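Those protein sequences? They're chains S and G, same order as listed.
Here my numbering is used: position 244 in the first sequence is 244, and no number is missing along the way.
Here my numbering is used: position 247 in the second sequence is 1247, and no number is missing along the way.
Just so you know, these hints were derived from the structure itself, not from any lab.
It is possible that part of the hints are untrue.
The list that follows gives simulated cross-link-like pairs (lysine to any residue, SDA-like), each with its CA atoms no further than 25 Å apart [what the hints assert, rightly or not]:
hint, chain 1, residue 1, chain 2, residue 2
1, G, K1158, G, I1172
2, G, K1158, S, Q196
3, G, K1158, S, D171
4, G, K1158, S, L162
5, G, K1158, G, G1220
6, G, K1158, S, S205
7, G, K1158, S, R125
8, G, K1158, S, S76
Source: prediction; values computed, not measured.
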Amino acid sequence: MAHSQVWPDTWSRPPRMIRSRPWRIILAAGAILYLILAIGSVDVNWTRVSEGWERGARFIGGFLQPDFTSRWRDISTGLVESLTMTLTSTVVGVLISVPIGLGAARNLAPRWLYAICRGIIAASRALQEIIVAIFFVALFGFGAFAGFLTLSFATIGFIAKLLAEDIEDMDPAQAEAIRATGASWWQVVNYAVQPQVMPRLLGLSLYRLDINFRESAVIGIVGAGGIGATLNTALNRYEYGSAGAILLIIIAIVMIAEYASGHLRRMLK
Amino acid sequence: MTHAETWRHRTPRAALALWAGWLGLVALFVWCWNLMTERTMWVFVHDAPNAAADLIGRALPPRWSYLERLWQPLIDTINIATLGTLLGIVLAVPLAFLAASNTTPSRLIARPVALFLIVASRSINSLIWALLLVSILGPGLLAGILAIGFRSVGFIGKLLYEAIEETDITQIEAVTATGASPLQVLNYGIVPQVLPTFYGISVFRWDINIRESAILGLVGAGGIGAQLQASLNVLAWPQVTLIILVILATVVVSEWVSARVRHAIV
């Protein structure tokens, strides 16, 4: 008795995200409608854009032939401000975030302290650097000091959150062993917690150093000193040669910092 | 033979090196601090508590009636973030496939070029991209969308090419063994493996872009930041407070949406 079963000779992949066909159509139509409306809301001044092409070409020219010399004094001042701001704010930020991170770890801190420290972290993370910088510039005047405060504030939220999570994830057996010897809270932190989280804390600090340099190039735009202020001035004067030079310096430093911090972090592990 | 009386964590030499390292860091910090504060006007710093009290007095309460003029800029901000993310995705996906060592067509030319584009895009903050593009294209939403898009390319490209490099080789070999063409291998072997990561990255970047597009207006790239800049220029602090509250609320909502979506996908 011959079987005459027909096997399908084509196969189409089943949909991966949304199984029901009507929903797929509705979502796709919605997406297209949104795109049409959103793109329609962008009104472009084409005459201004066509004028802009010439400027764009000059900018690309400036990028290809960067002018390091004619504004070198401004550039070097901005760069020194950025670099010093980066280091000092990272050090101060990490120093402040260590106690906050300890307080925000649920396995070490009492509930009221936990709530306070998590509140500080949330506030620091929710506010963008630029907005914080605007306020610090209004309070402390223009210049690198306002930038230093901004970056320190932003560092606290970043380091304290990740440190607290690392402490919560640590191996409790070591803490229990130390506690069993009759150690005080400080001794537990010093001999059980610190050795476990130190490599990660150093790695995070290096990573944050890298981020703080990038951010220091931005907060200068609102008056908080550093290379960003120099870049803003150069662009406002349409000096694309100097702007290109500054951008190339920023890219180079970011690449070096990323490579160096990656290398150091691998070494610390 | 004499034994040390107490247990020590490090050898004397290592302890000395460690102390020297910390001392060097402190010295570097002091040196940098002096260099940085050379031009600081301490008068302003000492006056800061008064200035803060004064500012808070002026900034509160927020001017709620200004809210009705913020809806349109807020929608613009969300549009900048969404369209910018889409632009970033469109540019980043081919770059990621060119940059991943297992899918790149040429290791000598295409891969280094793609990697350089990804790094360059990542090193320049979206605010600087916006500064450049406003100077070239003039103020408006277009500059903002392009700025967000160009910055997103590096982020999405980097995470996606790392995901492509981590794909499971056995699945790709199985598809290849059926006689599939390179494009079919891509479509049936690699894409299904990286798709969840890809959705996750895109939504995550969209969330970051909402934050960033909220401040792009400071340099003229449209959205709610333009309102912020206008209010700052006329020192209308009650409006500034309100705008910052609106930005905070938007950021919290977008973070919640992105967390929910990523949780649902991954």
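Outcome of the hint check:
1. Under the criterion of a C-alpha separation no larger than 25 Å, the hint pairing K1158 (chain G) with I1172 (chain G) is consistent with the structure, at around 21 Å.
2. The hinted pair formed by K1158 (chain G) and Q196 (chain S) fails the criterion: a straight-line CA distance of about 30 Å is larger than 25 Å.
3. Between K1158 (chain G) and D171 (chain S), the direct Cα distance comes to roughly 32 Å. Violation of the 25 Å bound is thereby established for this hinted pair.
4. Between the alpha carbons of K1158 (chain G) and L162 (chain S) the distance comes to roughly 22 Å, so the proposed pair stays at or under 25 Å and holds.
5. Annotation: proposed proximity of K1158 (chain G) to G1220 (chain G) is violated, straight-line Cα distance about 29 Å (limit 25 Å).
6. Proposed proximity of K1158 (chain G) and S205 (chain S) is supported: the alpha carbons are some 22 Å apart, at most 25 Å.
7. At most 25 Å may separate the alpha-carbon atoms for a hinted pair to count; K1158 (chain G) and R125 (chain S) meet this at roughly 24 Å.
8. With a C-alpha separation of about 31 Å, the suggested pair K1158 (chain G) and S76 (chain S) falls outside the 25 Å cut-off, and the hint is violated.
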